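Chemist: Each chain is listed here by its residues.
2 protein chains.
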Amino acid sequence: MTDQIRPTPRTRVRRGHERAVFDRDAVHAILDAAALCHIAWLLDGAPALTPTLHWRVGDRVYWHGSSASRTLRRSKGAEICLNATILDGYVLARSAFHHSVNYRSVTVFGVPQIVEGTQAKTEALRAMMDHLVPGRWEKLRDINDKELKATTVMWLPLDEVSAKVRAGGPIDDEEDYALDIWAGTVPVAPAFAAPVDDARLKPGLAVPAHVRDRFKAAQS
Amino acid sequence: MTDQIRPTPRTRVRRGHERAVFDRDAVHAILDAAALCHIAWLLDGAPALTPTLHWRVGDRVYWHGSSASRTLRRSKGAEICLNATILDGYVLARSAFHHSVNYRSVTVFGVPQIVEGTQAKTEALRAMMDHLVPGRWEKLRDINDKELKATTVMWLPLDEVSAKVRAGGPIDDEEDYALDIWAGTVPVAPAFAAPVDDARLKPGLAVPAHVRDRFKAAQS
Chain H
1 MTDQIRPTPR
11 TRVRRGHERA
21 VFDRDAVHAI
31 LDAAALCHIA
41 WLLDGAPALT
51 PTLHWRVGDR
61 VYWHGSSASR
71 TLRRSKGAEI
81 CLNATILDGY
91 VLARSAFHHS
101 VNYRSVTVFG
111 VPQIVEGTQA
121 KTEALRAMMD
131 HLVPGRWEKL
141 RDINDKELKA
151 TTVMWLPLDE
161 VSAKVRAGGP
171 IDDEEDYALD
181 IWAGTVPVAP
191 AFAAPVDDAR
201 LKPGLAVPAH
211 VRDRFKAAQS
Chain C
1 MTDQIRPTPR
11 TRVRRGHERA
21 VFDRDAVHAI
31 LDAAALCHIA
41 WLLDGAPALT
51 PTLHWRVGDR
61 VYWHGSSASR
71 TLRRSKGAEI
81 CLNATILDGY
91 VLARSAFHHS
101 VNYRSVTVFG
111 VPQIVEGTQA
121 KTEALRAMMD
131 HLVPGRWEKL
141 RDINDKELKA
151 TTVMWLPLDE
161 VSAKVRAGGP
171 IDDEEDYALD
181 IWAGTVPVAP
191 AFAAPVDDAR
201 LKPGLAVPAH
211 VRDRFKAAQS
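Each protein sequence line maps, in turn, to chains H and C. In this text, residue positions in the first sequence follow this note's numbering: the first is 1, and each later residue adds one. In this text, residue positions in the second sequence follow this note's numbering: the first is 1, and each later residue adds one.
What the hints contain is simulated information worked out from the structure, not anything from laboratory work. Check before you lean on any hint, since a few could be wrong.
Copies of the same chain are indistinguishable here, so a pair counts whether it falls within one copy or spans any two.
Derived DSS-like pairs: lysine-lysine, alpha-carbon spacing no greater than 30 Å straight-line [stated by the list, open to error]:
1) K164 / K216
2) K202 / K76
3) K164 / K146
4) K216 / K76
5) K139 / K76
Note that the structure is predicted; figures quoted are calculated from it, not measured.
My request is simple: use the sequences and hints to build the entire structure.
Modeler: What follows is the structure in structure tokens.
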């Protein structure tokens with residue numbers, strides 16, 4: 001039996017509850033596949049929003065930023081909400097009303113924790129790089145104390161978490177299936193173009209395997 | 001001279017202010033290009049997040065949902081924040097610290113307004129379809145009163161709005177340019193796969209031109 005997440009009053013899916021996902025592995029997979037997340041935080045009592053990169057280690061979702069960032073300073077010790085959404089396709093129905101999108105979406109509520117200490121911070125940032133471009137961390141020059149001080153790493157436990165998924169074709173009103181209207185879905189996914197050398201790249205350096213492997217072009 | 005947006009204390013860009021964009025046409029173009037937006041709203045005093053489709057008409061950004069949706073009911077008359085972000089590429093530097101992403105991002109603060117009345121609501125939903133799949137509205141069966149009642153359309157004025165853009169290659173520490181480390185960018189963009197017929201499609205209906213034109217495959 002798979003590990004199921006227990007919904008809270010906040011994470012119980014109200015609209016389209018048939019799309020709710022509380023399987024922990026499925027939630028992890030969505031977080032791992034999403035390129036970006038959004039973090040909602042309180043700015044003088046009103047909600048504010050910051051898009052950022054995230055990564056996951058076990059049952060924690062991490063993000064980072066400048067230690068001087070207003071988003072990170074204000075979200076310390078306060079309730080925030082994180083959402084990561086992947087758009088998978090457009091669902092074109094026979095009526096405007098039944099148009100939709102296919103997506104996978106994870107929402108996490110909680111009070112963020114801060115990663116403290118040189119070693120823990122370095123490990124967290126290494127985990128970020130291992131997620132973003134596996135095999136690259138080893139190739140880079142070492143991170144230094146000044147950079148570690150300038151960086152804040154935060155995380156939320158995947159406790160108060162829910163996911164919602166829509167997949168498949170349009171669901172039209174029964175009588176509309178007889179109409180002469182094309183209906184279907186159009187899948188969409190991120191596609192990478194060929195890596196572009198930095199203008200100041202040292203002569204003789206080719207695109208390394210870890211970059212080629214990670215960012216395979218759409219048609220390869 | 002182009003129309004410039006005046007920053008407020010909330011929309012003044014603090015971190016990376018060289019990336020701030022206050023040109024109104026540029027803000028419009030980012031909103032029009034972004035597939036999704038996120039809306040942050042208050043749920044019992046804590047921030048909550050909802051991803052949704054948006055569209056723009058002039059100086060307003062619109063979204064819609066079920067009239068029974070908690071997000072829409074709770075965000076009536078309350079301050080919300082909307083952000084739409086497009087990921088344009090991965091920026092691979094010579095140190096972990098200078099890794100980044102290229103992106104275009106728009107943030108809007110305000111109290112949402114509701115579109116009232118059959119005609120105004122129909123026009124707004126038509127504008128949504130014209131944005132999502134131009135030429136499709138005319139092919140569909142007409143929207144009816146029950147559907148209009150079940151749908152709430154909201155908008156924010158593009159008054160308290162800001163944008164941030166990062167483009168170009170990595171910016172490394174001067175001494176790191178001498179290292180034997182490949183650096184550069186990997187562009188990313190959404191790519192559409194071929195349209196998939198609905199399983200219950202009426203025989204003889206081909207993918208129409210308005211769908212083919214809107215969702216051109218990546219390599220076409």
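Chemist: Run every hint past the structure and note whether it holds.
Modeler: Going through the hints against the structure:
no.	hint	verdict
1	K164 / K216	both (28 Å within a copy, 28 Å between copies)
2	K202 / K76	neither (41 Å within a copy, 56 Å between copies)
3	K164 / K146	between (40 Å within a copy, 26 Å between copies)
4	K216 / K76	neither (37 Å within a copy, 44 Å between copies)
5	K139 / K76	neither (33 Å within a copy, 51 Å between copies)
Going down the numbered hints, you'll see the structure goes against 2, 4 and 5, while the others check out.
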